[in-house]
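S.K.: Start from the sequences and build out the full structure, keeping to the hints where you can.
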Amino acid sequence: MLELRIARRFLWRSKVQSILIILGIAVGIAVQVFVGSLITSLQDSLVKDTVGSSPQVALEPPATETAFSFTTEDRESVGADPRITAIAPVQSFSALVSADGKSVPVIVKGAALADLDSIYKISARLVDGNVSLTGSRVVAGKDLVEQNGLSLGDQVRLVLADGTGVEALLEGVFDLGAQAANEQFVFSGSELAGAALNRPADQVSAVELQIDDVFASPQVAADLATAFPGLTISEWQTKNADLLTALQSQSTSSYMIQVFVIIAVMLGIASTLAISAVQKTRQIGILKALGMSDTRTGLVFLYQAGILGVIGTALGIAASLGLIAVFSLVAKSGGSGLFPIEPKLGFILVSAGIGIAIALISAVIPYRRTARLDPIQVIQSG
Amino acid sequence: MAETIALSNVTKEYGTAVKTKALRGVSFRVEGKEFLSIIGQSGSGKSTLLNMLGLLDRPTEGKVSLLGTDIGALGKKDRAAFRNRHLGFVFQFHHLLPEFSVRENLLIPTWIGSRAGSIRESAQTRRRAEEILSFLGVGEVADKSAEQLSGGQKQRVAIGRALMNSPDIILADEPTGNLDSENSALVYELFRRIHRESGTTFVIVTHDRAIAQQADRIIEIRDGVVSQDVRNDYLTGASA
Ligand SMILES: Nc1ncnc2c1ncn2[C@@H]1O[C@H](COP(=O)(O)OP(=O)(O)O)[C@@H](O)[C@H]1O
Ligand SMILES: [Mg+2]
Chain A
1 MLELRIARRF LWRSKVQSIL IILGIAVGIA VQVFVGSLIT SLQDSLVKDT
51 VGSSPQVALE PPATETAFSF TTEDRESVGA DPRITAIAPV QSFSALVSAD
101 GKSVPVIVKG AALADLDSIY KISARLVDGN VSLTGSRVVA GKDLVEQNGL
151 SLGDQVRLVL ADGTGVEALL EGVFDLGAQA ANEQFVFSGS ELAGAALNRP
201 ADQVSAVELQ IDDVFASPQV AADLATAFPG LTISEWQTKN ADLLTALQSQ
251 STSSYMIQVF VIIAVMLGIA STLAISAVQK TRQIGILKAL GMSDTRTGLV
301 FLYQAGILGV IGTALGIAAS LGLIAVFSLV AKSGGSGLFP IEPKLGFILV
351 SAGIGIAIAL ISAVIPYRRT ARLDPIQVIQ SG
Chain B
1 MAETIALSNV TKEYGTAVKT KALRGVSFRV EGKEFLSIIG QSGSGKSTLL
51 NMLGLLDRPT EGKVSLLGTD IGALGKKDRA AFRNRHLGFV FQFHHLLPEF
101 SVRENLLIPT WIGSRAGSIR ESAQTRRRAE EILSFLGVGE VADKSAEQLS
151 GGQKQRVAIG RALMNSPDII LADEPTGNLD SENSALVYEL FRRIHRESGT
201 TFVIVTHDRA IAQQADRIIE IRDGVVSQDV RNDYLTGASA
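So the protein lines, in turn, are chains A and B.
Residue numbers for the first sequence follow this note's numbering, beginning at 1 and rising by one.
Residue numbers for the second sequence follow this note's numbering, beginning at 1 and rising by one.
Don't read these hints as lab results, they were simulated from the structure.
Just so you know, not all the hints are guaranteed correct.
As the list claims (entries may be wrong) - Interface residues of chain A toward chain B, partial, derived using beta-carbon atoms under 7 Å:
no.	residue
1	Leu2
2	Arg5
3	Ala289
4	Leu290
5	Gly291
6	Ser293
7	Ile356
8	Ile376
9	Gln377
10	Gly382
Note that the Cβ used here is the ideal one computed from N, Cα and C, for glycine as well.
M.R.: Take a look at the structure:
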């Protein structure tokens, strides 16, 4: 393609100018990809810390009841929804633990260990002892154990609101990474909880769920409300409005940064191309005199923009991936309080598209200027 | 056979508020393959006339036909294609593209004219470029950048570029205006040889009467009208 060849020669002829603008695009795209990935990963990590190891949606009894029936068929029908990734029917109750002469309030959640693990990942978060949850064995949070001088193998009595109680054996200590949970939670098997509540096995206090996209929780909750009209459905977002507002404003500021970076890059390319179009006026005029059409001479600048855009964007993405790798390396080495950034292919492709698109848009002015140029204006002067 | 050039009553006005009449009814015809000069003082309208012939500008009134084609009927794209296929331009300034080598500068008109803007020229085209360059005495600088040449060499390369697509008419506006007398003489000698060997029609604009005398026909423009249109053999023959 002649236009492409001319575009390459024009760029090559003004090497310094071309390199500077490529660097400009690269820096812009690098910032845009890095900031975008940083904010997304920060949000992911915040959301994961908040609801990653807790139920995001829960089926609860109607307000007047404390339990409801949840059959194997019910479980199958809930599990058939591909968005739902974990299901834990739990028996839960508040109790007091007598230890060290004090009475400490706790929340006991009883369920099959596999189900509890699917939501709370207790086995992976055990810091002391074992977890089997068979018979009267329970595990308790690290802060609960430490603050009350409990130790593994202790026999503790859980006293319910109605004054009844059950004996439990502390077999392990977990750390869920959140203080409230570490101070309050005691996990038991269904057997102990069922005995404490004196309930038949198919009656549960709640069914706790995790879903693949945590932000889809309102939709999942609405669908469950239709499927289980008698039940109350709760989901995490209604309880975390503050966090969501914070995430929202963070996203907004991130978009602002990205938009301004893009505007800066666009102005940079546009001014460089405009200068180039002026510098090459004589060449364009003579090419037209020799029979090159207005459209084709205009295309030269579109190709220039395309070349600058593709190279600049590629360099920018490479640089941002480098930055992300360094950042993640520091984060993983620990102690810095940083979190690893996950580069997302989709976002990078969008950024690449934006980079090339703004380069092409920036070429509109030189394109039109070039297309309009009358060769007579240049051929009679040197 | 159609006339090579036919102008009838061509006028050209510049400006909208204050009007300058650069041409006020110019008519002449060129039949066959002539070597002619357009002469006149600065500001008389020579370049304006040549721009009409070169399809670079449109007359305000009147009709221009080249090679039997009514130019006024052609759209912008067709005029560009016509220029590329049938016309060769030599300007006062060489206007070579510094981004390309001497050889590439010669090939540019071919690239422009090839369908789909292909930049792969045939071996025959490349041979033609070499032949033209050596004919013009610039064969040994074919790979240099146009910038590295002397003024005379540059203008010879520009002539080569005008020849490249085997034009029917070569239009030259003060082609030696920037050259010393030695190089000027060389350029006219080359023009005459090209005319003799390929029969191309030449229209050469100059304000230098001595140069114009070397043409077969001289058209003199004064204030936008043809004031004289003579055969050179008539001029010289009259005195002989
Ligand atoms: N683009 C233009 N706009 C206005 N006036 C012009 C333009 N080009 C030429 N002229 C005027 O037209 C007249 C003829 O100019 P030109 O054809 O360039 O003369 P020459 O080539 O014989 O010196 C001059 O008076 C000149 O000032
Ligand atoms: Mg002139």
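S.K.: Could you run down the list of hints and mark each one as holding or not?
M.R.: Against the structure, the hints:
1. Interface restraint check: leucine 2/A against chain B, minimum CB-CB distance 4 Å, threshold 7 Å, status holds.
2. Taken as an interface hint, arginine 5/A checks out: its beta carbon lies about 5 Å from the nearest beta carbon of chain B, inside 7 Å.
3. Because the beta carbon of alanine 289/A sits about 6 Å from the nearest beta carbon in chain B, less than 7 Å, this interface hint is met.
4. Look at leucine 290/A: its Cβ gets to within about 5 Å of chain B, closer than 7 Å, so that hint holds up.
5. Interface restraint check: glycine 291/A against chain B, minimum CB-CB distance 3 Å, threshold 7 Å, status holds.
6. Interface hint at serine 293/A: satisfied, since its Cβ lies 5 Å from the closest Cβ of chain B, which is below the 7 Å cut-off.
7. A cut of 7 Å between beta carbons decides the hint on isoleucine 356/A: the least distance to chain B is about 22 Å, and the hint is violated.
8. This hint holds: isoleucine 376/A has a C-beta 5 Å from the nearest C-beta of chain B, less than the 7 Å allowed.
9. Restraint check, glutamine 377/A versus chain B: the minimum CB separation of about 10 Å is more than 7 Å; hint violated.
10. At a threshold of 7 Å, the smallest CB-CB gap from glycine 382/A to chain B is about 4 Å, leaving the interface hint in force.
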